[in-house]
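Number of protein chains: 2
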Amino acid sequence: MPIVPRMFEARFQTFDDPPPPAASAPRVAALRTELLRLGLTGLVIPRADRHQNEYVPPSEERLAWLTGFTGSAGAAIVLADRAAIFVDGRYQVQVRSQVDTEIFSIEHLVDAPPATWIEANLPAGTQLGYDPWLHTVDGAERLRKACAAAGATLVAVEPNPIDAIWTDRPPSPLGPVVTHDLRYAGEDVPSKLARIGAEIAKLRADALIVSDPHAVAWAFNIRGADVAHTPLPLAFAVIPREGRPSLYVDGRKLTNTVRHTLEAQIDVKEPAAFADDVTTLATKHQTLRLDQATAADALAQFVTEAGGTISRGPDPIATMKAVKNAAEIEGARAAQRRDGAAVVRFLAWFTHEAPSGKLTEIDAVAALETCRRETGVLKDISFPTISGAGPHGAIVHYRVTNGSNRRIAPGELFLIDSGAQYEDGTTDITRTLIVGMPTAEMRDRFTRVLKGHIAIARSVFPEGTTGAQLDSLARFALWSAGLDFDHGTGHGVGSYLSVHEGPARISKLGTTALKRGMILSNEPGYYKADAYGIRIENLVLVREAAPVAGAEKALNTFETLTLAPIERRLIDRRLLTPEEIGWLDAYHARVAETLSDDLDSATAAWLDAATRPLTAE
Amino acid sequence: MPIVPRMFEARFQTFDDPPPPAASAPRVAALRTELLRLGLTGLVIPRADRHQNEYVPPSEERLAWLTGFTGSAGAAIVLADRAAIFVDGRYQVQVRSQVDTEIFSIEHLVDAPPATWIEANLPAGTQLGYDPWLHTVDGAERLRKACAAAGATLVAVEPNPIDAIWTDRPPSPLGPVVTHDLRYAGEDVPSKLARIGAEIAKLRADALIVSDPHAVAWAFNIRGADVAHTPLPLAFAVIPREGRPSLYVDGRKLTNTVRHTLEAQIDVKEPAAFADDVTTLATKHQTLRLDQATAADALAQFVTEAGGTISRGPDPIATMKAVKNAAEIEGARAAQRRDGAAVVRFLAWFTHEAPSGKLTEIDAVAALETCRRETGVLKDISFPTISGAGPHGAIVHYRVTNGSNRRIAPGELFLIDSGAQYEDGTTDITRTLIVGMPTAEMRDRFTRVLKGHIAIARSVFPEGTTGAQLDSLARFALWSAGLDFDHGTGHGVGSYLSVHEGPARISKLGTTALKRGMILSNEPGYYKADAYGIRIENLVLVREAAPVAGAEKALNTFETLTLAPIERRLIDRRLLTPEEIGWLDAYHARVAETLSDDLDSATAAWLDAATRPLTAE
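Quick mapping for you: the protein sequence lines, in order, are chains P and D.
Under my numbering, the first residue of the first sequence is numbered 152, with each subsequent residue one higher.
Under my numbering, the first residue of the second sequence is numbered 152, with each subsequent residue one higher.
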């Protein structure tokens, strides 16, 4: 039965080219006039909102408005006679096409960070402004030290001086807040609050200041629509050890029903009340828990100035949220089954269409989003799909635009990294495909990446093991050929929340223990600059391992949640051990068995071929 | 040819039982009187000398003198009405047999450290004394914070109040200082000083304060005899970025020849001049590099009070010293060949004698030391041999005494961990032996430990890889059976210096990159409490790996330096892969080939059998 061509459309992803160099000159001039008026020598402008979100609303894109730079991380410093913009390795090319280098010198965010630049460039005796809501406690501390080293002073300035000159600044988002159904959340708010209260007591604090909206969403079983691709409500909260917590959220985001539901357990207040309430608690000499790596410096100042004590350290909600309960795990499995079927429909279509050589990267994005949307329950994609053909695959954070869009040519590898937001779960999957015939080198590299992926998937490790202890498993097969990849092996994933969720990760920096119930990605890769990129990504769940006779330690392992075939034509099976082949064949058998009922017969037949055991050859 | 019985004797190791509970009561009473006189509420007594040495001279054993506790790590705090001693997990049993628990409560050094105890027990408004020479900058900072939290004050007190009441305190050691021959050191002092100066310049410091005698010994190509088992001269140094460094050492340790040699490049001064010189530099507003994790707090105070600036961070000599040069590497290979032959003579003797069931742990120590001494060039053992039969093998830091000495019974595993100091290199080797027949469980566990050992030995990894990234390789085979071991996989080893040398290690805490030329131990183990212990330890050298076509990264691997057979009767070869068997057979072939010329014919015949390939069966 022929696969019928369909109309594909991307609704959650745009392909606009980055804007050309902005008219920065008049904006920077206006800012300098404003700073002069305020008695400041300069201002730090981070790419950040008050919550340190990964995606920020348009109203918070001050860095992009001022400099033209639209990357997802960076900062600028404007002084009276000079200015600099700081971006990381990913954005060194993009920044030069977007930013007026007559005005801004380009600096490396990691190798030559703002603190270093301040020490070298800020004149002694001057005052450098910063918006204390946009910098973390730790971040402000680093700036303060740098200013001191330069003999200058860091000065908090509110409201943000940019806002006075940004005349067409978009309004703050007002995405509706909805309750997250108990069927998906798996634990009601009173139960969560009791557990959070116990954690606050353990920390010997009186209350927890929650500035991460992911934590707010999890604690109160709500979701929102204020930023792209993540169902976040921009909101703060204060949760006391005992008694009613307060949620600070713009009332216009709440229907009467939602407000009523929330008010059964929570005091719902306007954001304007937040700072006053924190100050009031501090005035009572309370000890307030604050995550210094994510909380705004402004909050720490309110507490300290009002006589309160800060308990610095991680927000305990982060770990509670990372450990999924039974309902969230069941939701994740259901979401993966649904998403897997959508991905398989996309893969079958791609296999059929790609040999023509006419498909583009954007066609693939549109087709995949359409397959997901056809499930009828897609809420959003979980991040902009990375769709990289040939050399574009080697750009780890490539984002296709109309200008960069490339045909996927025969003989090329095609890397597609995508995910979905469903109410029952968040997905994230990468597959690397081949159009036509791969080279021997491509198969060698792909198989080494696969060996790393399988090593993580099959690993068995004692309770308490960290991601750092497993990360190298994903690399040994590459290392032995003198190869590696320059990113972590895996990140935590939320439950209908952020696709990048802390605190656990599989990385040499991942010092958090992997606990049963955590969901992480398993995504080793290999990138050959200007040639191709390879990544194989499934989500995995930390769970109890099968019992072993004589075991002295509680053992954990991963259950692979993601269900979609891995390109067999890219595998050089001579490089695989019997155990690795066994894993792949068992995985493919499970993919076929789980998904085939949800597929039309042509797609099911395609899947059958795509998941044929290697041992059958 | 029969192996002739010989007379064995241990000269570098003693087997005295730990002294019984000391007459602490009068000593503690005297200390309290002294503290009262000084206006102090209490005193912290760490097990430490001014250099934070692993082995301290008898004159610095204040903790043992006061409390009776003779372990290698710990601290006590004596207040007016209570006292506590803090020891780690290794010493929880020993401390109770040595310390008067009527006077001292026993606390866990790690789980309930001094800082915690101070917060809970030190009365507000009081003054706690500490000897600023015996605590690091970091350590004193922790104590200071704890005192502040208790509303009390930490007060530096000099001289140490213990010394006023310890009437028969031994004199400080006066071990002769000798020059370390250039043939072994491989780099002369001017060259080392030039490199150190360049490092000081990179750190933007004016001078380096060297408080670690290992670093002093390395920088000036000298060795000493002030502590057990490590050829250290207790000494300090100040090395300026340019110009002549100063060495602070008791002149009685120097012959005229040595003094003359040193004074060609160095100003040699008495230790009393050290503090004044540091103060003088600080008065000139110099920036002085100080390793806050090892340098005495007293030094930081001299600098700060005199107006100098401290550059806090690792002593750059630590890494320079860890990377062995060509002469040191050749020396290590020669030392290992010599030591391997001695170990093989011991193993052949043991195999012949042990079945009688009459050998004891002390017999084995004496025999092994004698075999090493018969090389004619043994300077010392590199640490007290750990000789553990049966259940004693499960005590990771077991030290045999006349009281604990145990016969090595048939059917028992015997773990022997030992090392030697030769002028050309320091060795450290562990072998696990069996008398009679092993159980299936013993063979399973031994083979899993061996798999971990081989995985480390065979590993290939890119330049820049840390020990933390390799540590798990030593554990996977144990993890899959629900087992693990509770220590790091490897430590750095000095060149005729300390058998435990930083900064690199193979451990989940080992965040230092492994550089070519570093020597580390590879020593996974498995311990079954009250039953047996297994450890297989070789020293390995980080070196360039064989080139791989298409490699994009510089690759390193390990060369195994230690040469001695691994007990074949304990291997279950069904658990080994062909690659693992290949590694073991090749290793054994190299052991036999390298050592047989140095052995009498009976021992050579034994070695031949002991290194028979597994593939030959």
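Possibly wrong hints are sitting among the right ones.
Copies of the same chain look alike in the list, so a pair counts if it fits in one copy or across any two.
Stated by the list, open to error - Restricting the straight-line Cα-Cα distance to at most 30 Å, the calculated cross-link-like pairs of lysine-lysine (DSS-like) are: (1) Lys659 x Lys704; (2) Lys353 x Lys296; (3) Lys530 x Lys296; (4) Lys353 x Lys530; (5) Lys704 x Lys435; (6) Lys666 x Lys435; (7) Lys704 x Lys679; (8) Lys530 x Lys659; (9) Lys420 x Lys509; (10) Lys659 x Lys420; (11) Lys509 x Lys296; (12) Lys296 x Lys666; (13) Lys509 x Lys435.
Please keep in mind that the hints were generated in silico from the structure rather than gathered at the bench.
Hint check:
1. For the identical chains of this complex, Lys659 and Lys704 are neighbours both inside a copy (23 Å) and across copies (18 Å), given an alpha-carbon limit of 30 Å.
2. Taking the shortest Cα distances, Lys353 and Lys296 sit within 30 Å of each other only across copies (21 Å), while inside one copy they are farther apart (32 Å).
3. For a Cα distance limit of 30 Å, the shortest separation of Lys530 from Lys296 qualifies neither inside one copy, at 44 Å, nor across copies, at 51 Å.
4. Within a single copy, Lys353 and Lys530 get their C-alpha atoms no closer than 38 Å, and across copies no closer than 54 Å, so neither meets the 30 Å cut-off.
5. With identical chains, the CA atoms of Lys704 and Lys435 are never at most 30 Å apart, being 46 Å at best within one copy and 58 Å at best between copies.
6. For the identical chains of this complex, Lys666 and Lys435 are neighbours neither inside a copy (37 Å) nor across copies (54 Å), given an alpha-carbon limit of 30 Å.
7. In this assembly of identical chains, the alpha carbons of Lys704 and Lys679 lie at most 30 Å apart only when taken from different copies (13 Å versus 41 Å within one copy).
8. Neither within a single protomer nor between protomers do Lys530 and Lys659 lie at most 30 Å apart by alpha-carbon distance, with minima of 33 Å and 41 Å respectively.
9. Taking the closest pair of Cα atoms, Lys420 and Lys509 never come within 30 Å of each other, the shortest separation being 55 Å inside a single copy and 82 Å across copies.
10. Within a single copy, Lys659 and Lys420 get their C-alpha atoms no closer than 42 Å, and across copies no closer than 46 Å, so neither meets the 30 Å cut-off.
11. When the C-alpha separation of Lys509 and Lys296 is checked against a cutoff of 30 Å, the pair qualifies neither within a copy, at 56 Å, nor between copies, at 68 Å.
12. Neither within a single protomer nor between protomers do Lys296 and Lys666 lie at most 30 Å apart by alpha-carbon distance, with minima of 37 Å and 33 Å respectively.
13. Taking the shortest Cα distances, Lys509 and Lys435 never come within 30 Å of each other, neither inside one copy (68 Å) nor across copies (74 Å).
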